[in-house]
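Chains as they are written, first to last, in the numbering used here: chain A, 1219 to 1573; chain B, 7 to 291; chain C, 10 to 375.
Mixed in with the good hints, there may be bad ones.
As the list claims (entries may be wrong) - In silico contact screen, one side only, chain B against chain C (beta carbon under 8 Å); selected entries:
| no. | residue |
| --- | --- |
| 1 | 51 |
| 2 | 195 |
| 3 | 206 |
| 4 | 208 |
Hints were generated in silico from the structure; no laboratory data involved. Note that the structure is predicted; figures quoted are calculated from it, not measured. For glycine and all other residues, C-beta sits at the position ideal for the given N, C-alpha and C.
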Amino acid sequence: MNKKILLILLVLATFTVVSVASAAQPLRLLTWKGYAHKELIDKFTKQTGIEVRVTYTNNEEMIAKLRATRGAGFDLAQPSQDRISSVQKKYHIYQPMDYSKIKTGEFIASMLAAVKKNTLVDGKSYAVPFCWGTSGLVVNKKMAPDAKDYTDLLNKKYAGRISYRLKRPTLIALAFALGDNPFAKYSDAAAYKALMEKVGAAMIKAKPLVKNYWTNGDALLQSMRSGEVWVAMAWDGGGWKLHKENPDIDFVAPKSGALGWIDTFALPAKSKNVAGAYKWINFVMQPENAAIFTNLEKYATASKGAIDKVDPAVKANFKRCFPKTAVDNIKWYPPVPARLEAIEGKILDKVKAAR
Amino acid sequence: MKTSLRWSLFFFLTPVLLWLFLLIVLPHIDLLIMSFRMDTDDGKTIWTLSNYLNFFHEPIYWLTFVRTAVYSIIVTLLTLVITFPLAFYITKVVGLRFQGFFMTIILMPFWVSELVRVYGWMILLRESGVINHFLLKFGLLRHPVEMLYHDSTMIMGLVYTSMLFMVVPLISVLESLDDGLIEAAYDLGANMWHILFKIIIPHAVPGIVSGCIVVFMLTLGNYLTPNLMGGKNSLWFTEQIYNEFIASFNWNQGAAFGFLLLVLSSLVIWAGLKMSGQKLSQVVQ
Amino acid sequence: MQIALSVQNVIKKFGDFTAVDNVSFEVPDGGFFSILGPSGCGKTTLLRMISGFIEPSAGRIEIRGRDMAGLSPNKRPVNLIFQNLALFPMMSVAENVAFGLQRRREKKEVIEQKVAEILARVGLPGFGEKKIHQLSGGQKQRVAIARCLVLEPAVLLLDEPLGALDLKLREQMKVELKKLQAQVGTTFVYITHDQSEALVMSDKVAVMNSGRFEQIDTPPNLYNNPKTPFVARFVGDNNTWSGRIIACTQEGPGEIVAEIETAEGERFRVRSTDRFAPGAGVDLFLRPESMLIEPDADIADLNRFQVVVKSILFDGANSRLLANPLTADTELLIALPQNRQYDYIQPGDKIAIGWHAQAGICFPKV
């Protein structure tokens, strides 16, 4: 009897040791939903032996999480490029990128340069680009053939069939749609506040038309699929996913310009597995791996060679939705200066609380 | 003897105290300090009361709080009204044999997380949801109706979430009620209402109050249900705190709101205890 | 005299089980009626039918001539004192007593006056403001009684209210309750399994067994002339012998004397409930105090026999001898008066016992 117990304990102990050994240096990835597919993770683990643990989040929570731990708890994060420099200046939650450890040749050079420039703090850059895309409209063209611009998010014609996020991109988009340029007012807090108040007032006025303020991308896609929502502000990748299922639904680059974003890789200040993080970056940016991601999520990556390996249908998405004028009209987010978020937060609270 | 007793007390109390201190007290002290700090435009951090004053100066903040508190009180009262007959039924009408069965039925929804429960409701109630589907199929509706994103839906969800926390103290307090008292009152000429208001409720007051405190606090502090089921109109105070921390990066303001929530909800409970003539120490038992 | 409570052929069945089987009785106004029976005999069910908590399966219950069928407890002019008293712990003594009056929407001043009066009557003047948990057992008892009496019910039902009290207090409350009942003149229907309570307080006692009334009689009659073996056994202590009839003789109207031979061969003359045929089996009941120890030889008409003392059960006024007849090991209890006359008796002694034919009684063997 005792021997049996001893044996069981021994086996258990062995397992524990083995699992501890294999889990010695997992890569803790803080990223967006869809950015670390199981397919890629399995492949990566097989190649390197590094286990990947993924936490899904968004820009705001990413910053809050890292701020709370002063940059600990995760080994690699994927914030948008415009949300790095001001945060880094204030909270010091990232560590500088060592570009010598990255196969920079795999990247689209102009995009890498832009991200380096936008994440420059005290002479050091903090990120490399991963993927990019735009925010615009996702429209059910059968029900709302005329929805062309962000102003249609406030259009009575689509009452009860409109959905958008109560987040800063919506404010920015509507500011453009109202004929202003919010990016130009980034440096002037007072002017920016006035502009945001104008946008907020318009949103409150049009509040009865909104079905809901979506918070979860999958839930929005579900609402569009079921026909509950006709006009939504969302990312192009989501629209293209739906387009594949139902050709009536598609992404529309708004007349006042789609909002262009680049999501990056950045190293949290207290990353415990920097080597693993670089390995992951280099792995994901290999053209065939980047193409796997693009085919699944429809977002284009900063990997130079990936474009040749992407499905024709996915390539067609971009061509269909972005004619030359629309591409030129993309409004790329400049780095967000500190303290704008507080202004926006208050406006968004007001919109949410309004009757 | 005495020393060994003291040692064992120390031994058993230490983990609890450590847990309390490290995980509850310390972070709260940190938050409290944070709530009195503010970043100025030139990047300095100063001591200030403005985080607290903001709450009173800015109508949107205190209106949200008032709204949250009023809705929480409504939810608490509704939960009480709904669960009281249920608790009475389970303890006094159903045989002992079925009590366990009924308790299990009530407990069952709580085996899944709140998130799953709320999504369950959403699947039922949404415009393309199950209920609409059947109403349309049976010709009771011509067009699907959006049942989500109303205040009433949100209240329903909150009541549903709170029921367990009301029913458990009610059952335990009603179990201790001697059936003889009800019969005696009946025998002395009381009708149903007299028995309810003169015998059952006075006896059940400690349970009612403790259930109400728990439900009120949980509802006030709920984040998921109002956010998901209430939809576009449901700015809950907790969401405001979340927004300050996460969206606006204004931890100082968020911390101040957190403490205001603590103080104001304590005030509401204190008022409730005063009104029902109960003492906290009795109710907590 | 007016009949306060009349129960006619009442039956209560729970499924196949008959809890109360065709019970009838009447209680005159101002009477103290007890129902005495072992636990499970159906007396509580009967009481709950009178108070209205249970509807009878058949039969009729009238209170002051009014049929009670279909009337709920709160509409009946009867009140019940519960076994555990069921005082309302959340109310003061005065609020407890006033509870029924308030339900009748009586005026506040009237209520206050009545409450004060009744509390004085039950010996608790000025106790109105006390809380229930501050009272002693006896005081709670009185509050419970006051709470019902203040409503001036046609009948007051009492469900073993003394059961929870300790012995001394119970003895005291028995006397008090009887006194109180005589004072207020309310009709009491009292159920108990304690024969002493029933015998001391009641005008009439019904002995109940397995849902039926065995006998309704005054306490002395019940004790001296039990009508059934159950009553003989249940009320008071009794020694039982089994024996056979040798002959029965009629010795006056309703007075039959049987000559019997007990199983161990003693021959006795004893009062009989019937004229049995010779050879019929009977049970002979004989109370411990009916047996005289070492009776004078010149007392005539005594049944005499010899016993061996096994032990002395000293219990003050209630002391007994435990003895065996010479020829058998049947155990007999014999009263041992504590008048120092019998102090010489020791275990193992052989003593003579005598008893009068009228002191025993025999029933057909069951």
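| query | Any hints this thing doesn't respect? Which numbers, in order? | reply | 1 and 3
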